[in-house]
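Trainee: Build out the structure end to end from the sequences listed, making use of the hints.
Respectively, the protein sequence lines represent chains W and X. Take the first sequence: its letter number 67 is residue 67 in this note's numbering, and every next letter is one higher. Take the second sequence: its letter number 25 is residue 25 in this note's numbering, and every next letter is one higher.
By construction, these hints were calculated from the structure, which means they are not laboratory data. The beta carbon of each residue, even a glycine, is placed where N, CA and C say it ideally should be. Mixed in with the good hints, there may be bad ones.
[As the list claims (entries may be wrong)] Cβ-to-Cβ under 8 Å is the rule here; a few derived chain W residues that face chain X:
{"hint": "1", "residue": "G25"}
{"hint": "2", "residue": "I26"}
{"hint": "3", "residue": "F27"}
{"hint": "4", "residue": "A29"}
{"hint": "5", "residue": "E30"}
{"hint": "6", "residue": "T31"}
{"hint": "7", "residue": "P35"}
{"hint": "8", "residue": "K179"}
{"hint": "9", "residue": "N183"}
{"hint": "10", "residue": "V190"}
{"hint": "11", "residue": "G289"}
{"hint": "12", "residue": "E300"}
{"hint": "13", "residue": "G304"}
{"hint": "14", "residue": "I306"}
{"hint": "15", "residue": "L404"}
{"hint": "16", "residue": "L406"}
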Amino acid sequence: MATAPEHLHTYRMPDERGHFGPYGGIFVAETLMYPLEELKAAYETYLKDPDFLAELDRDLSDYVGRPSPLYYAERWSRELGGAQIYLKREDLNHTGAHKVNNTIGQALLARRMGKRRVIAETGAGQHGVATATVAARLGLECVVYMGEVDVERQKLNVYRMSLLGAEVRPVSSGSRTLKDALNEALRDWVTNVDDTFYIIGTVAGPHPYPAMVRDFQAVIGREAKRQILEKAGRLPDALVACVGGGSNAIGLFYPFIEDDGVALYGVEAAGLGLETGRHSAPLCAGRPGVLHGNRTYLMEDDDGQIIETHSISAGLDYPGVGPEHAWLKDSGRATYVSVTDDEALEAFHSLTRIEGIMPALESSHALAYAMKLAPQMDKEQIMIVNVSGRGDKDIHTVAEREGLKL
Amino acid sequence: MSRIQARFDRLRAQGRKALIPFITAGDPEPGLTVPLLHEMVAAGADILELGVPFSDPMADGPVIQRASERALRHRTSLRQVLDMVAEFRRRDGETPIVLMGYLNPIERLGYGEFVSRAKAAGVDGVLTVDLPVEEARDALLPSLYEAGIDPIFLLAPTSPPRRIEQADAAGRGYLYYVSLKGVTGAGHLDLEDVARKVAAIKALAKLPVGVGFGVKDAATAARMARLADAVVVGSALVAKVEENLEAPARIGPEITALLVAMRRAMDAEVAPA
Ligand SMILES: Cc1ncc(COP(=O)(O)O)c(C=O)c1O
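Mentor: Next up, the structure:
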C-alpha cells in the first residue's frame, strides 16, 4: 500500500493564498477579489468560533441525521472474496447525499455574514436541492443555475427545488451543463456581490472554496475513522470514493492523509471509455490548466478551450476537479483511477441486489472500483467505500438503459 | 517607450481622451477581423482591444459570450489571433493593440511561447481577465515586462485602495476600471458612482485610467471622457456584429458610425474651451 512522502506527515494545505503546490489559487476577475477576501476572513473566524461550531454540529446531528452509519457489507465482501468492505452511508443523510454537509455549513456562514440571498450551480441537482433545502430552512432567497441539458435529464430534482421555494434558472450558453451553470453563477455573484453568498457545491472554485468545502465535508472522514476504530479496532487499508469535483472524496480522505498505511483511491468517470475521449476524467486523462478560479487538471483541447465531458452520472460530468486532488495525485499520496458507465451500472445492480442498498450512479463508480480492488486484497484487510448518495434520482436513467420506460 | 504610453502622451498633449473599441477576434468569422480593426482606426480609435475567444468567458455578458461562441465555431485559436495582429501590423505600425481574454489559452500555449509570439506579432498590451496581480507575479508578469508588453489590470467598484495601488504598481499602459458590478454589457451604470470611484483611483494611481463595461452610446462615452483618460466600448460594437450576421457587409459601416459619433461627442466634451 502507498506510503506518504515525508512532507505529508504534517500536511497543512493550502498555503495562505490557497495554493496546493502549483494548484489552486485565486484566478477570478477583479470584482470578486474583495468578496473572496471577505469570505476567507469570515470562514477563518467562524471555523474557530465555538458558537458557530456548536450550531453546525447541532444541525448536522438533528437536521442531517449525522453521524451517518459505517455499515459492514458482509455479504458483498464475501461475494467479492477479498477485503472486508465497510460502506460510509452518506446516502442516508437528509436530502440523500453528502452535499448537505457543505450547504449547511456555507448557509450558516452566509447568515453570519448578513447575506440574505444564496446562489448555487448544480449538475445532477443534488447540490441544488441541498442548497434549496437549507435556504428554505433559514429563510434565504435562493437561485440555482442549471444547464439546460441537465434541467432536461434531472426533471425530478428541478421540481424538488421549486417545491422548496428556489428559483431554477436554466443556462443556455456553452455546452449547457454543469460548467456553464458555474459560469453563470459566477456572473450572478459579480452582479450581486453586496447581498449574495455563492454556495459552491464541490471543492473547486477560487480560494477559500476548495479548503472551506473540504473542511465542511471532512466530517465524513472524522466519523469514519472513529467508527472503524470502534468496529474493527484498527485503521482501514484502503479508502475508495468517486471524484466529480471531489468533495465527497476529500471529505473522506482528509482525516487520513497523514496515516501512511491507508491507501486513497479516487475514482473518476471513464464514461464510454478513456480511449473514446467521451469521459469526465481530468486526473486520469487531462492536463493542468486554469478554470473557474483555480489551477487544476482539466479536459481541454490543444487551444486551451474546455471540452465537453460525458458520464452516465450528471454529478461527475465536469471537466475540472478540485485542486487538492491535483496535488494529491502529483505527490503520489492518492491514486486516481476510472471506471466506465457500464462498470458503474453493474456495481449499481450488484449492491442493490446483494445488500439492498441502491446507490447513486456517482457513488456506483466508487463501488465499481471496489469490486476490482477487493478481490486483490486479503480477507484480513479493510476497505471503506463512500456511498456518497442514494440512487432514487437515477432510477429513470437505469431503467432507460434497460430499455424500460417508467 | 511603449506604443500605449506614447499614445496617451500624445492625447494628453492634444487635450483629448482615448477611445478604445473592443471586438472579439474571429467574430463573425476570422477573415473579417483585420479589416474591422483598420476600419475602427479610421473611425477614430486610439487603442484597439482584441478579444481572444474562450469557451468559458465567466466575466462576460450574453453579447460577448455569443461572440466567443461564433468565433469558436471557426476554431479561432490564440495562435490565429496572434497571426491577425501580425497581419494588422503590416499596414499599421502605430495603433496599439491589447489582447483581452482568459488565462487558459495562454497557459496551454505556454507563457514563454505566448510572450515571444505576441512580441513578434506586435502586441502592445495583455489584459487577462482571470489573472489578478497576485497570481500574475509568479508567472506571466516577469516575461511581459522583459518583452516590453504592457500588462493591463482591471479595477472594480469593490477594489479597496490597497488593490488600486497594487495594480498601479504592477500594471503598465493604463488601468481599466470596470464601471459597474456585473458582466460586460450590463446596463445599470451609475454615473455618480463612477465619478466618485474614478476620482479615488486617479488620486492613487499614476497610470492613465480607462473606463469600460456599460458604455453604449455617444452621450455616455462623452460623460466618461470627462471623468477618465480613456473610454472602452465593447458590447455595443459586438452587438452591431450580431445584428448583421445575415449581411456582414453592413458590420463595418455600422461600427464606424457608432465610433465616429462617440469620437465626436468625446472630443466636443473635453475640447479646450
Ligand atoms: C451523490 C453524489 N456523489 C458525488 C457527486 C460528485 O461530487 P463530488 O466529487 O464533489 O463529491 C455528486 C454530485 O452531484 C453527487 O450527487
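Trainee: Indicate, hint by hint, whether the structure satisfies it.
Mentor: Evaluated hints:
Interface restraint check: G25 of chain W against chain X, minimum CB-CB distance 5 Å, threshold 8 Å, status holds. Interface restraint check: I26 of chain W against chain X, minimum CB-CB distance 6 Å, threshold 8 Å, status holds. Among the interface hints, the one on F27 of chain W holds; its C-beta lies about 5 Å from the nearest C-beta in chain X, closer than the 8 Å criterion. Because the beta carbon of A29 of chain W sits about 4 Å from the nearest beta carbon in chain X, less than 8 Å, this interface hint is met.
A least Cβ separation of about 4 Å between E30 of chain W and chain X falls short of the 8 Å threshold, and the interface hint therefore holds. Annotation: interface hint on T31 of chain W holds; nearest CB of chain X at approximately 4 Å, less than 8 Å. Taking 8 Å as the C-beta cut-off, the interface hint given for P35 of chain W holds, the closest approach to chain X being about 6 Å. Hint status for K179 of chain W: holds, given a least beta-carbon distance of 6 Å to chain X, under 8 Å.
Checking N183 of chain W against chain X: minimum C-beta separation of about 5 Å stays under 8 Å; hint holds. Look at V190 of chain W: its Cβ gets to within about 6 Å of chain X, closer than 8 Å, so that hint holds up. Nearest Cβ of chain X to the Cβ of G289 of chain W: about 5 Å, under the 8 Å cut. The hint holds. Checking E300 of chain W against chain X by beta carbon gives a least distance of about 7 Å; that is within 8 Å, so the hint holds.
About 3 Å separates the beta-carbon of G304 of chain W from the nearest beta-carbon of chain X, less than 8 Å, and the hint is met. With its C-beta approaching chain X no nearer than about 5 Å, I306 of chain W sits inside the 8 Å limit, and its interface hint holds. With a cut of 8 Å, the hint placing L404 of chain W at the interface with chain X is violated, because the nearest CB-to-CB distance is about 36 Å. Taking 8 Å as the C-beta cut-off, the interface hint given for L406 of chain W is violated, the closest approach to chain X being about 35 Å.
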